[in-house]
Amino acid sequence: MSRRTRAAAGLGVVAACAVAGLASWLLGGADGQAAPYRPVLPPPPKLALNVPAPRALAAGAPVAIWTSVLRPATARARPKRGARPVVRLSRRTPEGSANIVLVIGHAGDARGRVWVRARLPALPNGTTGWVPRSALGAYQTVRTRLIVNRDTLTATLLRDGRSVFRADVGVGQARWPTPRGHFYIRNRLTRYRSAAYGPLAFGTSARSEQLTDWPAGGFVGIHGTNQPGLLPGRVSHGCIRMRNRDILRLGRLMDVGTPVTIR
Amino acid sequence: MDFLLHDLDTDGALREAGENAGISRATFLGGTVAGAVAAFAIVPTAQAASSGDVAVLNFALVLEYLQSSFYTEAERSKALRGKAEDAAKRVGAVERAHVTAFKGLLGRKAVKRPAFNFRGTTEAQRSFLKTAVAFEDLAVAAYKGQAPRLRSKQVLAAAVSIHSVEARHAAWMRFLFGVQPAVNAFDEAASKAEIERVVGATHFVVARPRTTTSRRPRFTG
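Residue numbers (the working numbering), protein chains in the order written: chain A, 3 to 265; chain B, 12 to 232.
Treat the hints loosely; a few may be bogus.
[Unchecked claim] Okay, the calculated bits of chain B under chain A, using three or more residues with CB under 8 Å as the criterion: (1) 83-93; (2) 100-109; (3) 119-128; (4) 167-174.
[Unchecked claim] Partial chain A-side listing against chain B, Cβ under 7 Å, derived: (5) 43; (6) 48; (7) 49; (8) 51; (9) 54; (10) 57; (11) 61; (12) 70; (13) 98; (14) 135; (15) 189; (16) 190; (17) 196; (18) 217; (19) 223; (20) 258.
In case anyone wonders, no lab produced these hints; they're calculated from the structure. Using N, Cα and C, we set each Cβ at its ideal position, and we do this for glycine too.
Make a model of the complete structure from these sequences and hints.
Structure, rendered in structure tokens:
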């Protein structure tokens, strides 16, 4: 018998003894003297919380994303430094609130910088441009969308695609028409003293294309009125007027950042 | 510990994002903005936390808010591709479930979701994966740090059940990013103060922009 064979045989004997010993210890010896090892452990405690299933994002639910301008920045025609400037963005609106833009796309440049394509509060209406991501703040989302119909003189608010609000409105007269297009709600004004604007006003990114020298740039607002008898109608300088009870109800349903479509 | 964001930020992408936003290197690495302080100040202090599990649960909830917001934003950005995109969807769905569970358990005592500015890390594949690794490692260390302080066995059981899921996420994101999923025989825990310092250094937690004013309107009328 070689050395290797003798070593293997020795190991086999040791292993057999070990297995026999372990079995005897776990199951109790044949003479009944060794106690079996059968630990009794309590079941695991119940969880303190209900465990829901993983929640996928709702497919098809329309969500709009907006963000604030953190530092003055130039929106450009393409996502690239040196591309044609479109408009200069400030941090504040004329009303002193944070200036916001609606996010409609993303891209990276050759140097790895992220650019955001945004709908902008600038003339001509409908202007979009690329803004460095680093100039913008936290992304916020809204699930609402406001549709203003200049033909039917109505405003309809959709939430998750379903109508949750509808009211008669006043829109611009023929010489100062309310601009058509895609816009968004920029800010919300309350507790000011002006009966003509009612108790609540929303600023939009839409601008009058006729009243360009209007104070603060001729932005179109959505607000109440002290002349409810004129509604619905083509009665304003471009703003969208509602009865005070309607604008207050809209104020409870619509957040800043909501996309606005004027047809 | 290898979960620290600025340790992980070896090529300076996160730091660059902060500097591009007008934040100095010193501020980025060491400072906190008022928004970050405000968001984490809603979590009771360490001393108060020792008196009840609610504080620990709210601390965990803030981290779950951070993670769920990160993955949700990444999914919505549609900037990710391939396995990273798939992982963002699956992990995001789980993190949202964690938020739902904690809010259900805490009820009216649940803290509100802070605002997060992820500074473009959700919109580029590599910076997304790097940040995801950091977040998952951070969550694992945070749960490990707080779990021994929980008094209720049921709450502890819940925390442990989430902790192991976060560890799976950490391994998954590490694999996708190309770093070792499991390096150590034992992982270190992190204190609440350490977690807050790391999260604060990212400047991801911010104040919400002020969009309401009481100035008189000057719209066209």
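Verification of the hints:
For the region 83-93 of chain B, the proposed coverage by chain A is satisfied: 7 residues have a C-beta within less than 8 Å of a C-beta in that chain, meeting the threshold of three. Counting residues of the region 100-109 of chain B whose beta carbon lies closer than 8 Å to any beta carbon of chain A gives 7, which meets the minimum of three for the stated coverage. Coverage of a stretch by a chain is defined here by at least three residues with a beta carbon nearer than 8 Å to that chain's beta carbons; for the region 119-128 of chain B and chain A the count is 3, and the condition holds. For the region 167-174 of chain B, the stated coverage by chain A holds: 4 residues have a C-beta nearer than 8 Å to a C-beta of that chain, and at least 3 were required.
Because the smallest distance between the Cβ of residue 43 of chain A and any Cβ of chain B comes to about 14 Å, over 7 Å, the interface hint for this residue is violated. The criterion of a C-beta within 7 Å of any C-beta in chain B is met by residue 48 of chain A, whose closest approach is roughly 6 Å, and the hint holds. Hint status for residue 49 of chain A relative to chain B: holds, with the closest Cβ pair at about 4 Å, below 7 Å. Satisfaction of the interface hint for residue 51 of chain A is found here, the shortest Cβ-Cβ separation to chain B being roughly 4 Å, below the 7 Å cut-off.
Given the 7 Å rule on beta carbons, the hint for residue 54 of chain A holds: about 5 Å separates it from the nearest Cβ of chain B. With its C-beta approaching chain B no nearer than about 4 Å, residue 57 of chain A sits inside the 7 Å limit, and its interface hint holds. Restraint check, residue 61 of chain A versus chain B: the minimum CB separation of about 11 Å is more than 7 Å; hint violated. The closest approach between the C-beta of residue 70 of chain A and any C-beta of chain B is roughly 4 Å, which is under the 7 Å cut-off, so the hint is satisfied.
This hint holds: residue 98 of chain A has a C-beta 5 Å from the nearest C-beta of chain B, less than the 7 Å allowed. Evaluation of the residue 135 of chain A hint against chain B yields a held restraint, the C-beta minimum of about 4 Å falling below 7 Å. Checking residue 189 of chain A against chain B: minimum C-beta separation of about 5 Å stays under 7 Å; hint holds. Of the supplied interface hints, the one on residue 190 of chain A holds, with its beta-carbon coming within about 5 Å of a beta-carbon of chain B, less than 7 Å.
The interface hint given for residue 196 of chain A holds, since its Cβ lies 5 Å from the closest Cβ of chain B, which is under the 7 Å cut-off. The restraint placing residue 217 of chain A at the interface with chain B holds, with a minimum CB-CB distance near 5 Å, inside the 7 Å limit. The restraint placing residue 223 of chain A at the interface with chain B holds, with a minimum CB-CB distance near 3 Å, inside the 7 Å limit. The closest approach between the C-beta of residue 258 of chain A and any C-beta of chain B is roughly 4 Å, which is under the 7 Å cut-off, so the hint is satisfied.
In terms of the numbered hints stated before, the structure departs from hints 5, 11, listed from lowest to highest.
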